Structure formats: structure tokens, C-alpha cells
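Residue numbers (our numbering), protein chains in the order written: chain A, 5 to 372; chain B, 5 to 372.
Treat the hints as calculated values from the structure; they're not laboratory data. Fair warning: this is a prediction, and the values are worked out from it, not measured in the lab. Treat the hints loosely; a few may be bogus.
A pair holds if it fits inside one copy or across any two, identical chains being indistinguishable in the list.
[Unchecked claim] Under the rule of at most 20 Å between Cα atoms (straight-line distance), these lysine to aspartate or glutamate pairs were calculated in the DMTMM-like manner: (1) LYS312 to GLU237; (2) LYS77 to GLU297; (3) LYS312 to GLU182; (4) LYS77 to ASP298; (5) LYS8 to GLU22; (6) LYS312 to GLU54; (7) LYS296 to GLU74; (8) LYS17 to GLU182.
Protein chains: 2
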Amino acid sequence: MFFKVLATDKQTKARRGELHLAGQIIPTPVFMPVGTQGTVKTLTPLQIKETGAEIILCNAYHLCLRPGAEIIKQLGGLHRFMGWKGAIITDSGGFQVFSLSKLTKISNNGVEFQSPIDGSKLLLTPEKVIKIQNDIGANIIMAFDECVPYPCEKDMASVAVERTLNWAARCLDSHNNEDQALFGIVQGSVFEELRIECAKHLEKMNFQGYAIGGLSVGEGSLLMNEVMDYTVEYLPPGKPRYLMGVGFPEDILHAVERGVDMFDCVIPTRNGRNGCAFTHLGKVKILNSRYKEDTGPLDEMCDCYTCKNFSRAYLRHLFVAKETLGLTLLSLHNIFYFQRLMQQIRDSIERGEFRSFKEQFFSAYKNN
Amino acid sequence: MFFKVLATDKQTKARRGELHLAGQIIPTPVFMPVGTQGTVKTLTPLQIKETGAEIILCNAYHLCLRPGAEIIKQLGGLHRFMGWKGAIITDSGGFQVFSLSKLTKISNNGVEFQSPIDGSKLLLTPEKVIKIQNDIGANIIMAFDECVPYPCEKDMASVAVERTLNWAARCLDSHNNEDQALFGIVQGSVFEELRIECAKHLEKMNFQGYAIGGLSVGEGSLLMNEVMDYTVEYLPPGKPRYLMGVGFPEDILHAVERGVDMFDCVIPTRNGRNGCAFTHLGKVKILNSRYKEDTGPLDEMCDCYTCKNFSRAYLRHLFVAKETLGLTLLSLHNIFYFQRLMQQIRDSIERGEFRSFKEQFFSAYKNN
């Protein structure tokens with residue numbers, strides 16, 4: 005993996021870059037749709053590709069529970085398993101092991117937990133997490149981190165940072181597949197001192213990229229932006245910066261402004277399945293009866309398959325009639341919307357007009 | 005609409021024809037995937053087209069209940085509403101009104117029933133059913149018929165035939181859109197005398213095509229074949245013959261042999277959603293643990309998107325993980341399978357080798 009910054013905005017820290025990865029050049033800032041269980045929910049790989057997405061995020065935690073990392077390895081790795089020819093990043097499972105598992109016991113060695121699928125007792129250590137991600141075979145893999153809930157006492161957050169740094173070093177030590185880039189994850193909750201300490205230490209370890217983890221967990225947009233303000237400064241400018249699990253279009257704009265290059269989030273697909281579509285004017289809740297006879301597309305500015313072929317009235321009918329095609333068509337549109345937003349962001353940075361693009365965006369987009 | 009028989013098999017009654025419809029030439033025997041509520045479940049119109057399907061069946065009963073025939077008319081008709089550029093046939097709702105509705109009251113005038121969606125009291129008459137289908141705007145529409153359950157006393161079946169004939173005449177009288185072909189439906193349960201009486205009377209009314217209704221309702225394959233044996237004889241050779249709601253690959257082969265040209269069935273999509281795939285060797289139940297590490301496609305003889313891109317192991321994973329993409333990929337494969345089967349049937353009739361094709365089919369296909 006190779007990362008190159010092509011242009012930096014003059015008024016903000018926004019940057020336009022390129023991620024050279026697995027024979028592809030992925031322009032940044034980039035949004036990565038989420039395919040937790042080895043499938044971006046309701047969409048075929050062909051449909052995902054047609055949204056413009058070139059890299060997706062899958063989850064090592066979910067995939068090691070089911071179908072199992074070794075099975076994926078035997079079947080030729082995740083790209084082949086799921087039929088996705090683009091790039092893949094896997095999350096290490098740090099976030100999931102704390103948020104989804106029961107009876108979690110954490111020690112410096114690792115995390116013991118019960119599988120939510122079959123109740124079996126499992127142990128994840130930094131070494132095991134790297135082995136799992138090596139087996140799965142994504143192009144970018146993540147260090148194993150301890151993700152604290154929000155709000156969190158500083159003492160607890162501090163212990164988690166120490167452990168995250170210790171585990172980060174062990175991940176680096178046990179990772180020996182140079183075809184896979186390994187990213188470190190900055191923790192520290194909303195404490196400036198902890199975030200900076202974590203970022204500084206990780207920077208010295210020389211990861212190939214740096215993620216900001218433990219955000220978008222309930223702290224709110226303002227606090228999230230603050231954390232980015234002081235954290236990004238301590239991340240090396242020549243490496244990609246990845247804000248994990250974010251987010252809404254407005255969050256992405258705020259983060260790009262602060263120098264973040266990569267994003268992933270379930271929002272376009274999850275909201276799509278719940279009947280919520282993103283448009284340049286804001287969200288459309290398709291079950292609203294006002295769309296019953298609406299012949300217009302979800303978004304008049306959109307060129308996606310859904311908008312080119314189907315009216316709001318038809319999409320509403322699909323949701324009212326509980327037809328799966330509705331989930332597919334809204335997910336497809338939403339991912340396309342996010343990809344187009346990132347394209348516009350990249351174009352505006354290249355033109356040196358990111359700030360005015362952001363203002364235009366907010367003047368049209370009503371966050372209802 | 006115009007129908008032409010191109011070739012007739014010498015050893016059987018199988019025929020190879022063409023349905024000229026809405027600017028398209030649809031080769032017969034043809035299988036029509038079912039899109040009950042204005043969507044072939046889990047598939048986009050683009051995906052349906054890629055299976056080779058050129059005509060689909062939708063249901064006037066379901067569409068008049070939701071979203072309503074007048075709304076579909078206002079929105080430009082069903083083709084535009086659902087974004088399907090191929091041909092459409094609508095079933096009149098005769099079958100559904102008896103099988104799905106509650107508190108059904110039948111009289112010579114029509115059928116009174118309670119909407120299963122909102123409990124409202126509704127009345128369907130032959131005239132209303134034609135009006136609904138005119139509004140929906142399919143290329144082929146069906147007469148309103150009385151469909152009796154199986155088994156059924158001959159007296160009751162006889163009354164239903166009389167009513168079906170009376171309603172057929174009223175449907176013809178009230179239909180005045182020459183862009184839509186109207187088909188009559190032969191009823192009569194499993195009684196030779198009634199089927200023949202019904203077929204003879206309908207033949208005189210000069211419909212543009214003839215359907216055999218009320219089969220595949222529990223009478224079994226042998227009895228169904230018997231009914232076809234004596235019914236098809238009384239249908240005019242120059243008009244298309246449509247066996248409604250059928251069926252499994254083996255049923256289709258038996259019916260083609262008896263001179264049937266058109267088929268529709270939910271089997272490829274419903275079975276697909278239940279994890280059952282059709283292959284040239286028989287059915288594959290994808291949840292079976294034997295496929296856990298199976299790198300092969302569903303069917304080695306198949307060129308569909310699913311078989312070209314995904315292993316049985318991945319498809320099984322999708323079903324185990326309850327991922328919607330599994331439903332889509334198996335539905336897609338199954339419809340493709342049915343389209344390919346019809347193509348093989350047509351080719352074999354052209355070559356005068358239908359019977360040997362049928363034998364080959366059964367020697368490979370294990371009905372497990």
C-alpha cells in the first residue's frame with residue numbers, strides 16, 4: 005500500500021489523496037460501504053461496483069464467528085469468497101467484542117467472551133486477531149484495540165489507551181504479510197491528553213495508516229469534531245487517516261475539513277433498509293403518505309439505477325408491501341449518494357473550494 | 005397480439021411458437037416469472053431481464069388492493085410503475101379471491117370479500133376485473149373465473165363452470181382496449197365432461213388465448229396430466245395455451261408434451277428464498293452442511309451471475325447468516341434455470357427431438 009497526498013485545501017485541513025492498493029488507485033477522501041458478514045446487505049457485488057465504491061469494509065469479528073476465518077482462507081480468501089473484485093479493509097473486532105459480546109473478560113493478554121451465535125467461549129488476543137485477518141486476506145487490516153463506552157471515566161480510558169498501545173505493538177510484531185497494510189487505532193475517549201499520548205506513541209510505531217476509533221458512540225457531533233481537532237495534528241501527514249464508523253453526510257464533511265481521508269459507516273445501508281433515503285435536499289422517509297402518488301425520483305440530482313428507473317410512489321409501494329426490492333433499491337441509492345458526495349468533496353478540494361462546497365451543501369441539505 | 009406456431013413435434017403434441025406482443029417476439033413454450041405485487045421478489049428489473057425472461061406475470065387482485073389500479077394508471081401503467089420494459093400478463097384475481105380472502109360471498113353477479121389488508125368490504129365483478137386490468141395496463145389480461153378447491157364435488161364444479169362461462173362472456177363484452185389481449189380460462193376441476201364443455205364454449209367466444217386454470221391445487225401430477233390430455237384437444241390450435249400456476253420442471257415438461265405454450269409459477273422465486281436451488285441434477289438445499297466448504301457453483305452447467313461468481317459455500321453462508329443477498333442470488337439462479345430449461349425445450353422441439361430431450365432431462369434430474 006502506498007498513500008499520496010495530491011492537494012491540500014488552503015482554508016482547511018482537507019486533503020485530496022490517493023490510496024494505491026492491490027493494483028488499484030483509490031481516490032481519497034473515500035467512503036467505504038460496510039459488508040459486515042461478507043456482503044453489503046441486500047446488494048450484489050456488481051451493484052456495489054455500480055455505485056462507484058472501490059473499497060468496502062468487512063468485519064473480522066463477525067467473519068471469524070461465521071463462517072470462520074480458516075474456511076474463508078481455504079476458499080481462497082474473502083475477495084474470492086464474496087465475489088468482490090475491489091479492495092477490502094477488515095475491522096479487527098475491537099469495537100464489536102465490547103459492544104456485541106456477552107460475559108466479556110478483559111486482561112492484558114486479550115479478551116475472553118462468549119460467542120453470541122452459539123454461546124461458545126472464545127479468546128481474542130492481538131496475535132489471534134492478526135492471524136484471523138491474515139486468513140481472511142483483506143488489503144488493509146486493523147490493529148486490535150480496546151474501545152471504551154461513552155461516557156467513560158478518564159482512569160478507565162487511560163487504562164484502555166495503555167492496553168491499546170501494548171496490543172498495537174503486539175499486532176505489528178505478529179503481522180508478517182506485506183501484502184496487507186496494517187493500521188493503528190487511536191483511542192482515548194474525549195480526553196485530549198489521552199488521545200495525544202495515544203497518537204504520539206502509535207506514530208512512532210510506524211503503522212501504514214492511522215484510524216481514530218471510539219468516536220460516534222454517543223458523544224455528539226461537537227465533541228467528535230473537537231477530538232479530531234486535537235488528534236489529527238499528531239498523526240503523520242503522509243499516512244492515511246481513517247475515522248471509523250462515521251457517518252452522516254454532515255459528519256463526513258466536518259471530518260474532511262479536519263484532514264480525515266477515510267470513512268466507513270452502516271448508515272447508507274441500514275437507513276436504506278429502514279426506508280430512509282439521502283438526497284441533496286436532506287432525508288426522504290419513503291413511507292410518508294405524501295409520496296403515494298409522487299412520480300419523481302428519490303433525488304432529482306441523482307443518476308443511480310434507482311433514481312433513473314423508479315418513482316417515489318413505486319418505492320413507497322415496495323416498502324408498504326414489505327417487498328425486499330425496496331431495501332435493495334434504497335440501499336443502492338444511498339451508497340451511490342455517499343459515493344457522489346465523496347466525489348464532489350474530492351473535486352472541491354482539487355479546485356481549492358472545499359469550504360464553499362461545504363456551505364452550499366448545508367444550505368441545500370435540511371437535517372430533518 | 006399475434007400467435008404463430010412455428011414447429012410441431014412429430015412424436016408428441018409439443019409445439020414451438022411465437023407470441024408477438026407489444027413490439028416483442030416472445031418464443032414459446034415460455035416460462036413467466038411471477039411478480040405478484042409489481043416486483044419479482046428480491047430482483048431488480050435489470051436482473052430479471054438478465055435471466056432471459058421477456059414476460060412476467062403480475063396479479064390484478066394484489067395490485068388493486070395495494071397500491072390500487074387507479075394509482076397505477078395515474079402513474080403511467082404497470083410497466084412504467086415497476087420499471088419493466090418487457091411484456092406483462094396480469095392474472096384476474098379469480099384464484100386469489102377464493103384462496104386468500106375471507107368472508108367470500110359468491111353470486112352470479114360477482115364476488116364479495118373482505119380485503120385481507122384493511123378489512124374493507126369489496127366486490128369484484130367481471131366488469132370490474134376488466135376495468136382494473138385495463139387500468140393496470142398489462143399486455144395480456146385474464147378473464148375473471150371461479151376457481152374451485154380440490155377435491156370438489158362435481159355439482160359444485162359444474163356450477164363454477166357455468167359461472168365462469170357467464171363471466172367470460174361479460175369480460176369479453178366489457179373489454180374494449182385492443183392493445184390488451186384477453187385470455188379465457190377453462191375450469192372444471194378434474195371432470196372430463198366439465199372441462200370439455202367449458203373449453204368448447206370458450207372456444208366459440210373467440211378469446212385471443214386460452215388458459216387452463218384450477219390445476220396444481222393438490223390433485224397431483226398424474227391427474228393434472230390427464231386433465232391436460234382431454235382439455236388441450238378442445239382448444240383451438242392457432243391460439244396460445246397457458247397452464248396457470250405451473251410449476252416444477254417436470255410438470256412443465258409433461259405439459260409441453262401435451263401442447264401447452266405458456267407457464268407461470270412462484271416456484272423459482274419462492275423456493276429460492278427458502279434456500280432451494282434447481283440444477284440439472286435436481287434440487288440443492290443450500291443450508292445442508294455438506295456445502296459448508298463446497299467451492300463449486302450451484303450448477304456446473306449454469307452461466308447465471310450467481311453460478312459464475314459464487315460458491316455453494318458462500319451462498320450457504322448467506323443463508324446461515326440470514327443475509328438477504330442469498331435470497332436474491334438463489335432467486336436469480338432459479339429463474340435463469342427455468343429460462344434455460346425453456347430454451348432447451350424450444351430447441352429440442354425445433355430439432356424434432358423433444359421426447360429424447362425429456363428423457364435426458366429425467367435421467368439426470370433427481371427429484372429428491
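Results of checking the hints against the structure:
| no. | hint | verdict |
| --- | --- | --- |
| 1 | LYS312 to GLU237 | neither (43 Å within a copy, 47 Å between copies) |
| 2 | LYS77 to GLU297 | between (50 Å within a copy, 11 Å between copies) |
| 3 | LYS312 to GLU182 | neither (43 Å within a copy, 30 Å between copies) |
| 4 | LYS77 to ASP298 | between (48 Å within a copy, 13 Å between copies) |
| 5 | LYS8 to GLU22 | within (5 Å within a copy, 60 Å between copies) |
| 6 | LYS312 to GLU54 | both (13 Å within a copy, 18 Å between copies) |
| 7 | LYS296 to GLU74 | between (49 Å within a copy, 12 Å between copies) |
| 8 | LYS17 to GLU182 | neither (30 Å within a copy, 66 Å between copies) |
The structure is inconsistent with the numbered hints 1, 3, 8, although it conforms to all the rest.
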